[in-house]
Structures are given as structure tokens and as C-alpha cells.
Amino acid sequence: MTVVVIVALLGGAIYYGAYHLLKRTEPFALGEHCLVKTPEGTLDIDIEQAQVAATVAAVAARRKLPERALQIAYVTAIQESKLANLPYGDRDSVGVFQQRPSQGWGTPEQLQDPVYATRKFFAALEKVKHYRTIPLHDAAQAVQRSADGSAYAEHEQSAKILSAAFTGRVPQAVHCWYPPPAKPVKPQPETARKQLVRALGAEAAGKRGWLVAAWYVAHAQKYGLREVRFEGVAWTAAAGHDGWRKEPKPTDAKPTDTKPTDAVQVA
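Count the sequence shown with the numbering used here and you get residues 3 to 269, in order.
What the hints contain is simulated information worked out from the structure, not anything from laboratory work. Model, not experiment: these values are computed from the prediction. Where a beta carbon is used, it is the ideal one built from N, C-alpha and C, also for glycine. Some hints here could point you the wrong way.
Said to hold, decoys possible - Distance ranges between label pairs, derived from CB positions: (1) V235 - S152: 38 to 46 Å; (2) E249 - I136: 25 to 33 Å; (3) A241 - D48: 13 to 21 Å; (4) E128 - L88: 21 to 29 Å; (5) P189 - K131: 41 to 49 Å; (6) I136 - G234: 37 to 45 Å; (7) E128 - G43: 33 to 41 Å.
Given only the sequences and the hints, what does the whole structure look like? Please build it.
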């Protein structure tokens with residue numbers, strides 16, 4: 003009987019130790035990625051792609067463009083660079099949209115700035131007649147003048163998923179995860195906000211809650227953000243894979259302890 007009890011205790015101890023070891027190593031095993039989930043579908047993208055998608059959406063919002071314009075930008079960026087800020091391309095093409103300095107889009111340095119490149123793309127798109135109603139791939143081709151404009155059509159569904167998420171039309175649609183840094187990183191919320199405002203504008207930053215929340219989550223690793231909170235839910239870097247979680251209501255809160263719920267909070 004004593005032997006059975008000892009074996010059971012040892013088995014429990016081993017299980018307990020293994021469980022907690024797995025929990026500690028889970029963030030490393032999961033790697034780093036982002037999940038975009040909307041009624042239109044689900045996309046699994048990397049963190050750089052999420053950052054580019056969030057930036058393009060912010061620039062579109064600043065210009066007060068319709069969601070269709072954002073979808074056109076997305077089909078273009080997916081086809082041209084897979085939503086990556088490339089330092090190279092065909093001939094002298096660079097950046098997210100593979101724009102060419104020799105064709106007057108800007109300098110190579112400017113075109114590798116996603117905010118600048120997106121502004122240039124939308125400025126050209128706004129000159130395309132009926133871009134709001136013609137097929138997405140035709141509008142993209144009118145801007146890019148690619149060798150094969152039909153290729154943009156392949157990415158229409160992905161563009162609709164991304165636009166629903168990164169405009170904030172679908173709340174809690176974006177969450178990212180990544181292993182904790184080897185060394186402690188000081189959070190830079192103010193630096194992050196300055197970059198957000200550069201893309202989105204100060205006025206819109208206070209009005210586009212879920213767009214702002216998605217932008218912060220996509221950029222959390224870059225700026226060492228530990229959590230993003232909005233409308234009673236929170237995303238944390240420590241449990242990023244779990245997505246957005248409902249925040250518990252404080253039981254002993256006083257009126258002076260309340261926090262604004264109409265603004266995205268980051269730390």
C-alpha cells in the first residue's frame with residue numbers, strides 16, 4: 003500500500019513539473035505570428051505583415067478613404083511583396099508596393115517607409131476613375147501598370163479579411179504572439195503613439211478605437227508593449243496566443259478609480 007502511495011505521489015509530482023515546464027516553454031514553442039479572424043474568414047500572417055497591414059489601414063483612415071480603397075491597396079501589396087517592406091525587387095522596385103524610383107514614385111529611402119509608400123499609392127488610386135466601383139484588380143492595375151494585372155484578383159478574399167480587421171470594423175479581430183525577449187525590454191508606449199499618429203493623424207487616433215487597438219497589437223513586439231486594453235477586454239504579450247480576454251471588474255473600485263473606456267490604453 004505504501005509503495006502504491008509513493009508511486010502515485012511521484013507520478014503526480016512528475017505530471018505537475020512537466021505541466022508547468024510546458025507552460026513556461028509554450029511561448030517559445032508557438033513562435034511568433036498573428037491571427038486575423040473575421041466573418042469573412044481567417045488569415046495566419048507574420049508580425050511584419052500585420053504591421054504593414056495596420057499601417058496601410060491607418061493611412062487610409064487618415065485620408066478618409068472607403069474600405070474598398072483599402073482592399074485595393076491590400077490586393078496590390080499582397081501580390082507585389084506579400085505585405086513585406088522589401089529593400090529590393092524587379093529592376094529598381096522597392097517597398098511594400100514595389101514602386102520604382104525611376105518612375106517618379108520617390109527615392110528608394112522614401113519608398114521603404116510604409117507610411118510614405120502608402121500615401122503615394124492612395125494618391126495615385128484617387129486619380130483612377132470609378133475606382134470605387136470597378137473590380138479590385140482593375141483598380142490595382144490602373145495604379146501599378148503591372149505586366150499581369152489579373153494576378154491581383156487572386157487576393158481579393160484575403161484583402162476583405164484584412165480590411166474588416168484592420169479598419170476595426172470587426173472588433174478583437176487581430177491578435178499576435180511571440181516569445182518573451184531574452185533581456186527585459188522597456189515599454190515605449192509614447193514612441194509607439196507618435197508612429198501611430200504619423201500614419202493615422204492625431205484627430206483620428208482618438209476616434210478609431212479598434213483600428214488603433216489592432217495597430218498597437220501588431221506593433222507591440224517592436225515597441226515592447228505588454229498589454230493593450232479597450233472596451234473591457236485586453237490583449238497581453240505574455241498570453242498573446244490566447245487573444246483578447248475580458249477584463250475582470252474590480253470589486254472594490256471607487257469612483258476616482260475608474261478609467262476611461264473610450265480610448266485605447268497601452269502599457
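Verification of the supplied hints:
1. Look at V235 against S152: about 41 Å separates their beta carbons, and that is inside 38 to 46 Å.
2. Hint check: E249 to I136, Cβ distance near 44 Å, so the stated range 25 to 33 Å is violated.
3. For A241 and D48, the Cβ-Cβ distance of about 19 Å falls inside the hinted range of 13 to 21 Å, so the restraint holds.
4. For E128 and L88, the hinted distance range of 21 to 29 Å is satisfied, since their beta carbons lie about 25 Å from each other.
5. Judged by the Cβ atoms, the range 41 to 49 Å given for P189 and K131 holds: they are separated by roughly 46 Å.
6. The given range of 37 to 45 Å is respected by I136 and G234, whose C-beta atoms sit roughly 41 Å from each other.
7. Remark: the range hint 33 to 41 Å for E128 to G43 is contradicted by a beta-carbon distance near 28 Å.
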